[in-house]
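Asker: So you can see what is in the structure, the chains are spelled out below.
2 protein chains.
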Amino acid sequence: MEKTIIMRKIKIGLIGYGTVGSGVVKFLQKRHEYIRAKYGVEFVLRTLCDRSIHKKDTRGLGKARLTTKIADVLDDKNIEVAIELIGGLHPAQEIVTTALSRGKHVITANKLLIANQGKELFRLAKRQNRQLYFEASVGAGVPIIKTITEGIVGNTYNRIYGIINGTCNFILTEMTKNNLSFSKALKLAQEKGFAESNPTLDINGMDSAHKLAILAYLAFGKFVKVSDIYTEGITQISHDDIAYAESLNLTIKLLAIAKRHENVVEARVHPTLISKEHPLASISGIYNAFYLNANPLGDILLSGEGAGQMAAASGVVSDLLNLASHGEDTHLLCNLYSEAPNFRIRKIDQVKTRFYIRFMATDKPGVLSTITGVLGRYRIGINSVTQRAHKAAWAVPVIMLTNYTMEKNLRLALEKIQKFSIVKSKPVAIRMENLW
Amino acid sequence: MEKTIIMRKIKIGLIGYGTVGSGVVKFLQKRHEYIRAKYGVEFVLRTLCDRSIHKKDTRGLGKARLTTKIADVLDDKNIEVAIELIGGLHPAQEIVTTALSRGKHVITANKLLIANQGKELFRLAKRQNRQLYFEASVGAGVPIIKTITEGIVGNTYNRIYGIINGTCNFILTEMTKNNLSFSKALKLAQEKGFAESNPTLDINGMDSAHKLAILAYLAFGKFVKVSDIYTEGITQISHDDIAYAESLNLTIKLLAIAKRHENVVEARVHPTLISKEHPLASISGIYNAFYLNANPLGDILLSGEGAGQMAAASGVVSDLLNLASHGEDTHLLCNLYSEAPNFRIRKIDQVKTRFYIRFMATDKPGVLSTITGVLGRYRIGINSVTQRAHKAAWAVPVIMLTNYTMEKNLRLALEKIQKFSIVKSKPVAIRMENLW
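So the protein sequences, as listed, match chains A and B.
Numbering follows our numbering, with no gaps: position 11 of the first sequence is 983.
Numbering follows our numbering, with no gaps: position 290 of the second sequence is 1262.
Read the hints as simulated data drawn from the structure, not as lab findings.
Built from N, CA and C at the ideal position, the CB exists for glycine as well.
Any given hint could be a false lead.
What the hints assert, rightly or not - Computed Cβ-Cβ distance ranges for the label pairs, DEER-style:
(1) Leu-1061/A to Leu-1160/B: 39 to 49 Å
(2) Val-1236/B to Lys-1319/A: 53 to 63 Å
(3) Glu-1066/B to Asn-1406/A: 41 to 51 Å
(4) Ser-1199/B to Glu-1005/A: 29 to 39 Å
(5) Lys-1319/A to Glu-1066/B: 33 to 43 Å
(6) Leu-1033/A to Val-1236/B: 31 to 41 Å
Isolated chain A (complex conformation) (with noise of 0.2 Å):
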């Protein structure tokens, strides 16, 4: 092979060795000879810092130091790039701001530290002409950050739409593919260690609600806070709701789902429901999406396993070697922070959307009328209406598609169906998405 890049070493120092952390050293030691004779780099894993590393498998990891002290690689001057893998804001916060300060260049896969600090950490990193990586911290492997930042770099956004937690798009894959019930394939999911044994922030929407603030800055040039998102999770998606759309030729999705309107944004994630014969659709499984509308280059898809020891690990491995290759003057542009025009954000009762809303309710004449009349009032056009036999006796269920109507007159038009005495449970309301 020839030589392509002055043969360089670059010492690592690595806080956080589990899961990720561990896929990271493995991929290194891997690919070490490939990366050594194909980019002529070699990454020396200098020192590997851990609160439990006495407790951990350490085996093969040759000259590294071991510790459980975060200023072992913090105070090492020999260390050019830290790697924070610990996750949560305290201490990542902390060991980030430090590790610039000193001189280091950083990748993290940390998405909260991202969504809350974004802001501050490019700025540091500018100040210290130093770079900040975090691929793996949306989309793990799958380079979403890269793409906006650099790979359609110049492009505008109006609209972007995200599968971002491969725990939900599992779940709800199962749910519609092989008919388990939620718990079931939740349960399956921890099963094959797509979930955690604590999977709240997973199937809440929150894990998705901070990669959507990391995703809407990126594209929008300003940052949403987490509390400004509308989130809401999928322990509500029932089945019968997922066999009705599938018959409307419609399916569910968890989406992250961040829109421009001039200066005003709207960022919510919340169960979707979109055509099948849209890419996304078939998007399933712990797999990931993103779907951006950029301008002028149109709708762009991007989709792989978001992740998984080794799929995160790729982004942390992709991180470095682009660094490795970077001269030292480079102005990483996932660093940008230009704060742009004053973006208003617009709350989830002014935003217009369309509905998928599903009564129980008699099986009388009537019926129909009474709900379409208290809708009308609201304002609310009617799409499409299927009256639905059911096994229940008490009641059908009616399920009505509405046309774009604004969330806040749907929410009170419910309120009031839903104290007719021929309304027998709570109804259903799905947004709907047209992503074309």
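Since chain A is already given, all that's left is putting chain B on it; use the hints.
Answerer: Okay, now just chain B, sitting in the frame of chain A:
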């Protein structure tokens, strides 16, 4: 806005003011202020060269020098970046070579040039310490070059699949979804500006073959000669086969395929049957898609508009912005040329795939046993057989899906079967791929 990159001006010389060239100029004009404010860089179009520049609309180009002489770009020491958008091998090769030799960075969208001369040009760029960008050469603005070389760098590849010709995908989509004939679909593509007035290189697969040569190099580290890529276009695809495939839950796409088994590489472009459930099956119209099996990342899909003025212009402008962000001593990973182990090319005769085969045969007993007898003698296993009713009285279609078989055996078997009097027309054979 804060300034995040030191404000600087980059002087550009653009050669080739056709569809893409004028798209680039339009993009830079429209986003001039946005790019200046966000990225702190100003691209100054110093010289615009086109052999018929005096027939073009050059209003609004400000102080740009208009010329028909290529030397006016190449000889100008003030021009930092030469953008080559004339296409074809000559004089593009001489332009790029001279520009690099004289210390200019180069951006090109020329697939023919990179597929044929990439190796030499990357070496030259390295020797000159300049950068050669070519994102728009494959997939227009869809950043597949950057994804492979930077986004998921560190991974290796076993298989790459591409829908990389928008014209063909548009035609097949129209034939499948709207039941158009091949010639009507082609005409529609031409009317919509999706196909050249001479569409030969698109529909015969050669355009895809050039792009595949580039992708195979990036993925495997070795240029595959275009003449080593087995190439078959879409002109032979019939409505009947589209419909039969549909009923088997399959759809036909023109796929560019490259696989690596140890040190053996196969590369081919041909109509391919894939499962309708796979995300690639839902890539319709002029969209391109790239489906890569990366190790250890896993499968990754990237899709977007792979042709058109602004899509291609987006690729060029992204290259410009990346160039502007990189420090002088950056080693552009897509320019890296490291000769991989000596790959051997597997000839199409030796390739093992599954096949869809259709015979038009007389509707008599014994037909099936005659056909399967010959297939068996060539060790071709049958996975399923369907005999269809057909409007023609003279014969009925017999459709078989084979197991994995060597291409050569299938060809010999079909030659033999074709000679039987019970077989009424040339058998149809379409390769199948299991993408998962």
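Asker: None of the hints should be skipped; say for each whether it holds.
Answerer: Cross-check of the supplied hints:
Under the hint 39 to 49 Å, the C-beta atoms of Leu-1061/A and Leu-1160/B, about 55 Å apart, miss the expected range. For Val-1236/B and Lys-1319/A, the hinted distance range of 53 to 63 Å is satisfied, since their beta carbons lie about 59 Å from each other. The supplied range of 41 to 51 Å is met by Glu-1066/B and Asn-1406/A, whose beta-carbon atoms lie about 49 Å from each other. For the pair Ser-1199/B and Glu-1005/A, the supplied restraint of 29 to 39 Å holds, since their beta-carbon distance comes to about 33 Å.
About 60 Å separates the C-beta atoms of Lys-1319/A and Glu-1066/B, a value inconsistent with the hinted range of 33 to 43 Å. At about 35 Å, the CB distance of Leu-1033/A to Val-1236/B agrees with the hint of 31 to 41 Å.
Consistency note: the structure conflicts with the earlier hints numbered 1 and 5.
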